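Going line by line, the protein sequences match chains P, F, V, E and R. Numbering of the first sequence is given in our numbering, commencing with residue 1 and proceeding in unit increments. Numbering of the second sequence is given in our numbering, commencing with residue 1 and proceeding in unit increments. Numbering of the third sequence is given in our numbering, commencing with residue 1 and proceeding in unit increments. Numbering of the fourth sequence is given in our numbering, commencing with residue 1 and proceeding in unit increments. Numbering of the fifth sequence is given in our numbering, commencing with residue 1 and proceeding in unit increments.
Bear in mind the hints are in silico, worked out from the structure with no lab data behind them. It is possible that some hints are incorrect.
Heads up, simulated DSS-like pairs for lysine-lysine below, C-alpha to C-alpha not over 27 Å straight-line [what the hints assert, rightly or not]: (1) F/326 to F/270; (2) V/73 to F/270; (3) F/326 to V/270; (4) F/326 to V/73.
Chain R stretches covered by chain E per the calculated footprint, using a threshold of three residues with CB under 8 Å from any CB of chain E [what the hints assert, rightly or not]: (5) 53-63; (6) 113-126; (7) 187-193; (8) 287-296; (9) 305-319.
Since we're looking at a predicted model, the values are computed, not measured. In this text, a Cβ means the ideal position worked out from N, Cα and C, and glycines have one as well.
Given next are the chains, with one letter for each unit.
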Amino acid sequence: MTDEAEHSLLILARQADGSVEELPAGRIDEIDQLIDRPGTLVWVSSVAPEEAEIEAFGREFRLHPLALEDLRKRQQRPKIDTYDQQHMIVAHEAVADAPDGLSEIHIFVGAGWLLSVTWTPTPMCDAVRRGFAGHQNNGTDTTGELLYALLDAAVDSYFPVLDGISERLDALEDRVLEGEADREGLAEILRLKRRLLELRRVLAPMRDVANALLRRDLEIVDASTVPYYQDLYDHLVRVLDQVDIYRDLLAAVLDARLTVASNSLNAIMKRLTAFTVVLMVPTLIAGIYGMNFDYMPELRWPFGYPLALAVMLVAVLISVTFFRRKGWF
Amino acid sequence: MTDEAEHSLLILARQADGSVEELPAGRIDEIDQLIDRPGTLVWVSSVAPEEAEIEAFGREFRLHPLALEDLRKRQQRPKIDTYDQQHMIVAHEAVADAPDGLSEIHIFVGAGWLLSVTWTPTPMCDAVRRGFAGHQNNGTDTTGELLYALLDAAVDSYFPVLDGISERLDALEDRVLEGEADREGLAEILRLKRRLLELRRVLAPMRDVANALLRRDLEIVDASTVPYYQDLYDHLVRVLDQVDIYRDLLAAVLDARLTVASNSLNAIMKRLTAFTVVLMVPTLIAGIYGMNFDYMPELRWPFGYPLALAVMLVAVLISVTFFRRKGWF
Amino acid sequence: MTDEAEHSLLILARQADGSVEELPAGRIDEIDQLIDRPGTLVWVSSVAPEEAEIEAFGREFRLHPLALEDLRKRQQRPKIDTYDQQHMIVAHEAVADAPDGLSEIHIFVGAGWLLSVTWTPTPMCDAVRRGFAGHQNNGTDTTGELLYALLDAAVDSYFPVLDGISERLDALEDRVLEGEADREGLAEILRLKRRLLELRRVLAPMRDVANALLRRDLEIVDASTVPYYQDLYDHLVRVLDQVDIYRDLLAAVLDARLTVASNSLNAIMKRLTAFTVVLMVPTLIAGIYGMNFDYMPELRWPFGYPLALAVMLVAVLISVTFFRRKGWF
Amino acid sequence: MTDEAEHSLLILARQADGSVEELPAGRIDEIDQLIDRPGTLVWVSSVAPEEAEIEAFGREFRLHPLALEDLRKRQQRPKIDTYDQQHMIVAHEAVADAPDGLSEIHIFVGAGWLLSVTWTPTPMCDAVRRGFAGHQNNGTDTTGELLYALLDAAVDSYFPVLDGISERLDALEDRVLEGEADREGLAEILRLKRRLLELRRVLAPMRDVANALLRRDLEIVDASTVPYYQDLYDHLVRVLDQVDIYRDLLAAVLDARLTVASNSLNAIMKRLTAFTVVLMVPTLIAGIYGMNFDYMPELRWPFGYPLALAVMLVAVLISVTFFRRKGWF
Amino acid sequence: MTDEAEHSLLILARQADGSVEELPAGRIDEIDQLIDRPGTLVWVSSVAPEEAEIEAFGREFRLHPLALEDLRKRQQRPKIDTYDQQHMIVAHEAVADAPDGLSEIHIFVGAGWLLSVTWTPTPMCDAVRRGFAGHQNNGTDTTGELLYALLDAAVDSYFPVLDGISERLDALEDRVLEGEADREGLAEILRLKRRLLELRRVLAPMRDVANALLRRDLEIVDASTVPYYQDLYDHLVRVLDQVDIYRDLLAAVLDARLTVASNSLNAIMKRLTAFTVVLMVPTLIAGIYGMNFDYMPELRWPFGYPLALAVMLVAVLISVTFFRRKGWF
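So here's chain P without its partners, still in its complex pose (with noise of 0.2 Å):
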């Protein structure tokens, strides 16, 4: 699915002082201890582990075996699942960088840590990290404000996605009301067409869950923390809207291309019939002067050749004014 990214692990200890602390990711088996300790914060932080590290993310976290198999398998939709104590989130960031746009994060909350996995360096995490870092009350003094950070990032990377596709929209519209149907620009909306299935894919899971949290099915969120998630339902439900009046459009377009195909064709035939009249006249008055019947009077005339040309001339002026009048030249 995605770019394999470089392997890297950071283990982050907030205590209730706001003084962080980073543990080497050699020691990370001492993270079941750092959970331990009462007050504190830990947020564990991974890109692109291997087997080793996730198996010992199972042992420290107490993970679930099917959780764990999400994590080696990829490819999951955004869904929440709920093992005991502790949930497992999977949402779906828009990256640059991967090859289909989407970059798949999981990630996994119990009482006092959180966990999140990515494949792809995304700028999200980066971000959130940076403010993890700083001082108290920043907005991820607990998991379910962790957890929004994370997911409201996420959900953030897709409006510059959107804008990217409106322009694009409008350039393919302005491209078809030119007529310009050609080739590419029918590539451009099966493209397109892939771009909005696979956003939708990814973003329709994505409100349920955000629906899913804000009705509190998780205790990790508060009634402080509810209106944070019920913008972050907003949003997803706003960029969905959006993706669905896209799809509209875009139907419209293509539409409207086989229209605007249409037309050509009539003007094209339009212009054949014209040519076929304006010539064809000409050439019958030609043939019948190079009939051989022996009395012709015409052809004694001493302006019979000039006069015949002459006619020539006038068909072909009254046949092109004609179809020029009804706009088929």
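Got chain P; can you put chains F, V, E and R on it based on the hints?
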């Protein structure tokens, strides 16, 4: 989204006895004292607020940070967000001036106060304001009634828009049936399509907002106000119904356009066929008498030439009549 | 929406013993006394009421201001609004006279009284009125039964409309299959499309109204009346089903029309090709014998000319046969 | 709707010991006594009842006036109506004889009795009747079981219909892919479309009826009968699924037809172009040597004529080869 | 539906200590004793059972007559039917061998036993069987786990099928964009359409089955098994999402195909027009100099002929250049 309107601020407070006091914009910091005065309904109406003002709103009305963020960013879809004791409602009004024909309105409602923010001068707010400044019992005596007055005005703004669309659709249909299948008509179809999609995008969530208000999710809607919100909801459903009907009709017009183009292509091809036959038959006759055989008795006839011309004429007349009868000419 | 009918007002009161008293329109102000009389069922039926009358209704029946506003504005979609002890029901009847074929009916129901307002003289009200003035136990003994009688008559008015549409659809289908693809047919398709959309627009909410009544949302529908409202609901579902089927069939006819046009284009082009070949081959032969070479032995043959003509004829016959076999002629 | 079948009436009563007694049609007025006999299951099966009979049914079974009205009018969609202690069920059976292929069945069920009315002799009733007259414990021992037997037979009648449609669809698809795009095929598509719409119209509400029965809305369906109604429901869902698939396939065939027509038009136009070029080039050459210039050396050559013919032939061969390579011939 | 596989029967019983005992097929009548043995999990796996075997199953497992009827008839859609203490689950596995690519599986589950019946040898059952015969705690320790293992294997069988469809879609899209609009492509589109409809038909009810299991409608799914059924459900939703995306893409390809055909028709007609003009102009010139007027000075010029040829050539060059510039050649 919309052209920035000139900045303006209006602070109104109505006492229990109906008298309305206006606070100058400079005394924005006294709003919280106004609110605390019992029996007073405070309405602050702001157009295109600057950052300092937004911050003052946040302080005076104790708005939630997310609500303030929405105020700064705008581009929200219609919604109700509830924060503790207050609600934020986003609606859209149809205005002629805005580029996309829509003007966003943010309304904050709390116990005894209402804050409305717009970014274009909307006729709606002006009308309600004139009513508010009037006597008592004019339908804006409580926050619930004032909110209804604002939303009702917003919904009413869509009816002339729908009438305009209906007229444009009728004009399109007439043009299509008259066989005019030009590019301008197609561009108009795409414009109407976009317009209807835009309208649907804001009207569907506005209906949901009205429904939520109707079901008394907010304490500000009491039993006596319910019929008004029922009415609001009915109006929105009616507008949406109409938008959907227009969408279906537009699709039918696009289909009809394709059919008309295809019919007219048939007519052109019939004419081309008729022209070809009508002109080729005499050409063939002329070709025959242009052959150079030694023994072609007709060539020696004194009336060979006029006879040949007559045969050609008859051939033309026969084929013209033939195609005319078939309706190909 | 509809041509204004002549204004008329009928005030009827039926005692417990079945006797019906009619109050002259001038004594409209005594309606409240009639209502208060125990055991009396009051039915006021008004056509195209004037402002003074509407105000009198408001006074006598204590109607809600919003209900009065609806009465003045009309253009409502079918709905039930409940105000305290009374209900307002909007329905539509199919009438031949109205421009859009629909006539709006506003019915207000309270304890012991019913007020019905229409703006065209609808056959429905007339029929029910005749029944009402009759003997006891005729199915209009309570407000619930009277309301049913009115709504049932309204629903029945749609069946002949559907039959008419069915016939028009059959005629359209026949014309399309016979290959008649003229503009009039297309205009008829668009007219039918509009008609079906209009019908759907009023019938779907009427079904919802029937459903709401059926579920006894109103106290006026008691256990013994429920089967009647069930029947009403069944009829509306049947009508809507039929409208949807007609919509699908209409879409199929439009598609078929495009296919027929495309088939007939193919036939035309085949004929053009056949004509072109059939006429060009002898023209080429004539051209060959019109060449001026010194040594063209055929030109000297005594039977050269008839032979050439024979060759042309054979060429024409062969090509005609060829195209006839392919079915191109 | 359907050809009127010959009138017939069958009154059967089965005792607790399995013995079946048949009452002559003339003793219709004794039905109420039969019903009152304890432990007896009465089944009255009527085909095309006359008015007198309908009235007798109303008396004997104490049917609701609305149910009697339905019996007289018919044209009902499948439904369950409940009146006090009895239920009226409308279903449709697929029969070959009826013009629209459907036969309406009205079933009335009460404690210890069942009345079934049809208007065409349906194979279904006949089959169940043979079973009923047999021994005990044959699956028709209670009204619930007898009702199931009748409905199950009705549902089974749709399977051969679906098979027939499937075959017609396959035949259509083959014809379309072979490029046969004649009018008969189009008429067949429209016929199939109508057929599928008709089937959907009766099957969807029949599924709802089965679902209502399954959820034990009727006291006659007890725990041991539930699996049978579950089975009935499953069958109806399966039939509906199939109808929907056929609808989608039919739409695909119609689309394919348009594409085939468009492809074949391309082929025709390519051939026309090829013919035009192939014939016009030698015509031009002949025209050149038909010019009357004094000094045209080729005309004097002894082999000028055969050479000219050879050049024409070569031109024809080259252009034929050219178009053949492009696949235009 | 599927080729009949060879008949086979496997009776396995696993003790609490993990040891697995296999009963020969001949001792089928001892199954009820196996089931009664406490702590034993009995799995009977049958391929293409004969009537005698089906009857034995009915006896030994006390299956409901309707379940037996389903076993005999097959052609069921995925479902769960519950009879008293046991459940019947129908699922479909994707297999390469079957004509329609699907293999039906009937699973019966009771307390301590599971009976699975297939009619083609499915890789799924084989794989699970190998696992079952292994050690303890291998994920098939309870009926709930064994059922999950079987269904999970069935769901996994769809992923390669989807990959295959994706490749075929890509190939189709490429062909269409390259302008290849042959009949084979169309047949492929119709085949894919059928395939996707077939897949949807079995996958949608399978998702409902998984959902029903997940919500613990069956007592055999306990808290610890829920995550597995959640996983099953997620997979099915993913597969269905993908099927829907492919359906949308297929529709887009069909549309694109029509557009490509229409584009290529335009190109052909442009070429025809160009050819006609390019060839008719010199033909006209030749016709002019083939006229027989006495006084045509050009005819007497020594260089008249080469000049005429030159003029023709120039005319051809000009018109070729003209059409080339317009892109019509």
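The hints, checked one at a time:
no. : hint           : verdict
1   : F/326 to F/270 : holds, 10 Å
2   : V/73 to F/270  : violated, 54 Å
3   : F/326 to V/270 : holds, 16 Å
4   : F/326 to V/73  : violated, 54 Å
5   : 53-63          : violated (count 0)
6   : 113-126        : violated (count 0)
7   : 187-193        : holds (count 4)
8   : 287-296        : holds (count 6)
9   : 305-319        : holds (count 4)
Taken one by one, the earlier hints fail for this structure at numbers 2, 4, 5 and 6, listed in ascending order.
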